[in-house]
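Novice: Chain by chain, the residues run as shown.
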Amino acid sequence: METTMNPSPQTLPFKFHGKSGEYFRIWIVNVVLSILTLGIYSAWAKVRNKRYFYSNTELDGSTFEYLANPIAILKGRLLALGVFAVYSVTVWFIPLSEPVFVLAFIAGLPWLIVRAMTFNARNSAFRNIRFDFNSNYLEAAKVFIGIPLLVMLTFGLAYPYFAYRYRDFLINNSGFGTTGFDFDAQAKHFYLIYLKAFGALLLLGLLVAVTLPALIPEVQSAGQFPNQEMPVQGPQLFLMMLPLLVVFPVYMLIGTYIHTATLNTAFNHAYTTGQRFSSKLKVGKMFWIYLSNFVAVLLSLGLLIPWAKIRIARYRLENLALHTEDDLDGVIAGEQQRVKATGEELAEVLDIDLGF
Amino acid sequence: MGQTSAPEEGTDVSARYYDGRTSGATAVRLSFGCRGLVTLTGAAQSANYKLEDLDISTRIGNTPRLIGFPDGGKCEVNDNDTIDRLLKNQATNRGGWLHTLESHYLFVTVAILVTLATSTMTFKYGLPWLAERSAHALPQSVDRSLGKGTLDILDRSLFSPTTLDLAIQARLGRRFAEMITTLPAGRDYRLLFRAGNSIGANAFALPSGTIVMTDELVAASENDDELVAILAHEIGHLEHRHSIRMAMQSSAAALIIAAVSGDVVSSSSLLVALPTVLIHSSYSQEFESEADDYAWHYLVDNDIPTGSFASILSRIAEDKRDSVVSQYLSSHPGTRVRIQRFIE
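Residue numbers (numbering that gives the first Met the number 0), protein chains in the order written: chain A, 0 to 355; chain B, 0 to 343.
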């Protein structure tokens, strides 16, 4: 193994070494042990899963490390389950208490997000130096309560601004050792993404609206009522499925465009002193991967999930690089603190997506 | 314990050393000597450790191992097999069994079969059983809250007021009143008529106990027994509390699917939605069979020819054959199969 020691400007590509066959075996063992232990093992499964992806990701000859303690995750999960049980039982007996829970949930959300991000960052390491995340309740509340209110008041017009502030919050508060990351994108970059997506949606929608009625002679509507008898024949079935076959790919294409453009923008504007990321994901390629993943996972009854995950991870990482003016040796470790897993696990149960 | 048989003497691996203070990487060699002595040698450093003091990460696939030293430094080693050989006799080698399981094709095959079998059993029997149990534990009032406002929406969007002769309405109302006298109290059974318009000949039951029959269905019938058979089927849905059971088992199924599918596609909601629709439709077929059972027993117990159900069902099926409908998957088992039962 060679060590890079030359302090000159260079581009360091990320590499991903995960293999779908190998990961499939890890994944299925995780699944079966989680089933056999009635879910308790899922905390260990999560760590093993993340470790596989982290340690298969290589930058400048070194791999990443995921260090979370499964017991901490299990405790977090049990607590989350407890909170959910209290909520369900209370709302069941006192239906009027539901708004109280909703308000408490909204008020607790910023705390949850900060905790989850911190837990995840501090349990991730590269070259024996941990990542870090530093934020506080107030800052998170501005982004996750204040701006969503603005989005509602503007009937969604402020959504790209939220998308911008969200990535700004994630990246600006992240760090590696004592080095902090910075984010130099602007709201306009995100407005451009959504403007393009909206334009494409209008265009495609128009196309569908023009061509579709010509194909369906008679559009009937009927709800799904219990006592309906409907023999369905081949050509009819095709006609009925047509909206689904057209609407779904359009929806997915626009979704993939927003997703891809957001990822590229987030990475291309993230930097530290002397270092900058670059992400060159292509919408067409991403769309193909997602579409084929979707079909494969569906037809394989979920057994191709590992293959799908490896494919997308490989494509994303192989298009990510770090431009550095110096070598990567200059980062100094920060003071290590342990963070309970509560935040992240609550966030997971409550379905908060914390990715980029 | 620590005093196990010594690993092979003189095993050497190359490694990358990270001191834990800065992000620098140095090329080093790790030598595993006798009696668990580990020597780290680099260009500018040399240190001795005991094998039992090292924190060696468990193996995952063929990813590099990280070896933690008591002083906070770490080594990254690519040579998994050598590390495994060294750890073979070491008591500290916990977690290695996972890699053993993952490498055994027989175990992996068993794991696939167990997973497929448990998930099938869960969806087919587990969730329906749980939903049925839970439904029994819940008061009838919960059912009512489910269908609240449904009729209002349907009246505004689909139906128009019935144009049925008042005498016919009264006659069918009497038959219906007769039917519900034997039912347990607790539900507010009502029969309403509506002009079905685009949904045509149809009848359905709302969780509140209201059964709606369309004028078109009444027109399609040849005698009142046929309509009584349909009503018995709808009462079967209510008596078996299909609405609340469906709500419970379908949402549980959706939750499970969402939990395992993860972030495979960007819009994972669709990946969850499609299988959920399929499972929903299979549950709904089971419920139709249950409601048919109920109707069959009712007809037999009350000396009404079971052929009444068969005849009206086949007549409706005949009419609907030519129409394009937005229901992709029929919620009913094959009509022919259903009719067959009532003819025998």
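Bear in mind the hints are in silico, worked out from the structure with no lab data behind them.
Keep in mind it's a predicted model, so treat the numbers as computed, not measured.
It is possible that part of the hints are untrue.
[Claimed, not checked] Partial list, computed: chain A residues near chain B (C-beta under 7 Å):
{"no.": "1", "residue": "Arg24"}
{"no.": "2", "residue": "Ile27"}
{"no.": "3", "residue": "Ser33"}
{"no.": "4", "residue": "Thr36"}
{"no.": "5", "residue": "Ser54"}
{"no.": "6", "residue": "Leu58"}
{"no.": "7", "residue": "Thr62"}
{"no.": "8", "residue": "Lys187"}
[Claimed, not checked] Here are the simulated lysine to any residue pairs, SDA-like style, with alpha carbons at most 25 Å apart:
{"no.": "9", "chain 1": "A", "residue 1": "Lys49", "chain 2": "B", "residue 2": "Gly71"}
{"no.": "10", "chain 1": "A", "residue 1": "Lys49", "chain 2": "B", "residue 2": "Ser159"}
{"no.": "11", "chain 1": "A", "residue 1": "Lys281", "chain 2": "A", "residue 2": "His16"}
{"no.": "12", "chain 1": "A", "residue 1": "Lys49", "chain 2": "B", "residue 2": "Glu289"}
{"no.": "13", "chain 1": "A", "residue 1": "Lys195", "chain 2": "A", "residue 2": "Pro147"}
{"no.": "14", "chain 1": "A", "residue 1": "Lys18", "chain 2": "B", "residue 2": "Thr114"}
{"no.": "15", "chain 1": "A", "residue 1": "Lys187", "chain 2": "A", "residue 2": "Ala208"}
{"no.": "16", "chain 1": "A", "residue 1": "Lys49", "chain 2": "B", "residue 2": "Thr114"}
{"no.": "17", "chain 1": "A", "residue 1": "Lys195", "chain 2": "A", "residue 2": "Gly179"}
{"no.": "18", "chain 1": "A", "residue 1": "Lys74", "chain 2": "B", "residue 2": "Lys123"}
{"no.": "19", "chain 1": "A", "residue 1": "Lys74", "chain 2": "B", "residue 2": "Asp83"}
{"no.": "20", "chain 1": "B", "residue 1": "Lys123", "chain 2": "A", "residue 2": "Ala184"}
{"no.": "21", "chain 1": "A", "residue 1": "Lys74", "chain 2": "A", "residue 2": "Val101"}
{"no.": "22", "chain 1": "A", "residue 1": "Lys279", "chain 2": "A", "residue 2": "His16"}
{"no.": "23", "chain 1": "A", "residue 1": "Lys18", "chain 2": "A", "residue 2": "Phe182"}
{"no.": "24", "chain 1": "A", "residue 1": "Lys74", "chain 2": "B", "residue 2": "Phe122"}
{"no.": "25", "chain 1": "A", "residue 1": "Lys187", "chain 2": "A", "residue 2": "Ser278"}
{"no.": "26", "chain 1": "B", "residue 1": "Lys87", "chain 2": "A", "residue 2": "Asn48"}
{"no.": "27", "chain 1": "A", "residue 1": "Lys18", "chain 2": "B", "residue 2": "Leu100"}
{"no.": "28", "chain 1": "A", "residue 1": "Lys49", "chain 2": "B", "residue 2": "Lys123"}
{"no.": "29", "chain 1": "B", "residue 1": "Lys123", "chain 2": "A", "residue 2": "Leu300"}
{"no.": "30", "chain 1": "A", "residue 1": "Lys49", "chain 2": "B", "residue 2": "His103"}
{"no.": "31", "chain 1": "B", "residue 1": "Lys87", "chain 2": "B", "residue 2": "His98"}
{"no.": "32", "chain 1": "A", "residue 1": "Lys14", "chain 2": "B", "residue 2": "Lys123"}
{"no.": "33", "chain 1": "A", "residue 1": "Lys14", "chain 2": "A", "residue 2": "Phe286"}
{"no.": "34", "chain 1": "B", "residue 1": "Lys123", "chain 2": "B", "residue 2": "Thr21"}
[Stated by the list, open to error] To be clear about the criterion: a stretch of chain B counts as covered by chain A if any three or more of its residues have a C-beta under 8 Å from a C-beta of chain A, and this derived list gives those stretches:
{"no.": "35", "stretch": "61 to 69"}
{"no.": "36", "stretch": "110 to 116"}
In this text, a Cβ means the ideal position worked out from N, Cα and C, and glycines have one as well.
Novice: Are the hints correct? Go through all of them and say.
Specialist: Hint check:
With a least beta-carbon distance of about 4 Å to chain B, the hint placing Arg24 (chain A) at the interface is held under the 7 Å criterion. Proximity of Ile27 (chain A) to chain B holds as hinted, the smallest CB-CB distance being about 5 Å (cut-off 7 Å). For Ser33 (chain A), the interface hint is violated, since its Cβ never comes within 7 Å of a Cβ in chain B; the closest pair sits about 9 Å apart. Interface restraint check: Thr36 (chain A) against chain B, minimum CB-CB distance 12 Å, threshold 7 Å, status violated.
The beta carbon of Ser54 (chain A) is positioned within 7 Å of a beta carbon in chain B (closest approach about 4 Å), and the interface hint is therefore held. The interface hint given for Leu58 (chain A) is violated, since its Cβ lies 11 Å from the closest Cβ of chain B, which is over the 7 Å cut-off. Given hint, Thr62 (chain A) at the interface with chain B, holds; its Cβ is 5 Å from that chain's nearest Cβ, closer than 7 Å. A hinted interface residue such as Lys187 (chain A) counts as satisfied when its beta carbon comes closer than 7 Å to some beta carbon of chain B; here the least separation is about 24 Å, so the hint is violated.
For the suggested pair Lys49 (chain A) and Gly71 (chain B), the alpha carbons sit about 23 Å apart, so the restraint of at most 25 Å is met. A distance of roughly 58 Å separates the Cα atoms of Lys49 (chain A) and Ser159 (chain B); the hinted pair therefore is violated under the 25 Å criterion. Using a Cα cut-off of 25 Å, the hinted pair Lys281 (chain A) and His16 (chain A) holds, with the two alpha carbons roughly 21 Å apart. Restraint check for Lys49 (chain A) and Glu289 (chain B): not satisfied, since their Cα atoms lie roughly 45 Å apart, outside the 25 Å limit.
At roughly 22 Å between alpha-carbon atoms, Lys195 (chain A) and Pro147 (chain A) fall within 25 Å of each other, so this suggested pair holds. For the hint linking Lys18 (chain A) to Thr114 (chain B), the alpha-carbon distance of about 21 Å falls within 25 Å, and the restraint holds. The hinted pair formed by Lys187 (chain A) and Ala208 (chain A) fails the criterion: a straight-line CA distance of about 31 Å is larger than 25 Å. Between Lys49 (chain A) and Thr114 (chain B) the alpha-carbon distance is near 21 Å, which keeps this suggested pair within the 25 Å criterion.
Restraint check for Lys195 (chain A) and Gly179 (chain A): the C-alpha separation of about 32 Å exceeds 25 Å, so the hint is violated. A C-alpha spacing of about 31 Å is found between Lys74 (chain A) and Lys123 (chain B), which places the hinted pair above 25 Å, so the restraint is violated. With a CA separation close to 31 Å, the supplied pair Lys74 (chain A) and Asp83 (chain B) exceeds the 25 Å bound. For a cut-off of 25 Å, the pair hint linking Lys123 (chain B) to Ala184 (chain A) is broken: about 50 Å separates their Cα positions.
Restraint check for Lys74 (chain A) and Val101 (chain A): satisfied, since their Cα atoms lie roughly 23 Å apart, inside the 25 Å limit. With a CA separation close to 19 Å, the supplied pair Lys279 (chain A) and His16 (chain A) stays within the 25 Å bound. Between Lys18 (chain A) and Phe182 (chain A) the CA atoms are separated by roughly 33 Å; this puts the pair beyond 25 Å, and the hint is violated. Pair hint Lys74 (chain A) plus Phe122 (chain B) does not hold up; C-alpha atoms about 28 Å apart against a cutoff of 25 Å.
A hinted pair counts as satisfied when its Cα atoms are at most 25 Å apart, and Lys187 (chain A) with Ser278 (chain A) qualifies at roughly 19 Å. With a C-alpha separation of about 24 Å, the suggested pair Lys87 (chain B) and Asn48 (chain A) falls inside the 25 Å cut-off, and the hint holds. Only pairs whose Cα atoms come within 25 Å are accepted, and Lys18 (chain A) paired with Leu100 (chain B) is accepted, the gap being roughly 17 Å. Between the alpha carbons of Lys49 (chain A) and Lys123 (chain B) the distance comes to roughly 32 Å, so the proposed pair goes past 25 Å and is violated.
Distance restraint check for Lys123 (chain B) and Leu300 (chain A): the Cα-Cα separation of roughly 15 Å lies within the 25 Å cut-off, and the hinted pair is therefore satisfied. Taken as a hint, the Lys49 (chain A) and His103 (chain B) pair is honoured in the structure, with Cα atoms around 22 Å apart against an allowance of 25 Å. Annotation: proposed proximity of Lys87 (chain B) to His98 (chain B) holds, straight-line Cα distance about 13 Å (limit 25 Å). Between Lys14 (chain A) and Lys123 (chain B) the alpha-carbon distance is near 43 Å, which puts this suggested pair outside the 25 Å criterion.
Annotation: proposed proximity of Lys14 (chain A) to Phe286 (chain A) holds, straight-line Cα distance about 21 Å (limit 25 Å). The suggested pairing of Lys123 (chain B) with Thr21 (chain B) is violated, with an alpha-carbon distance near 56 Å, which exceeds 25 Å. Look at the stretch 61 to 69 of chain B against chain A: 4 of its residues bring a Cβ nearer than 8 Å to a Cβ of that chain, three or more, so the hint holds. Residues of the stretch 110 to 116 of chain B lying with their CB closer than 8 Å to a CB of chain A number 5, which satisfies the three-residue condition for coverage.
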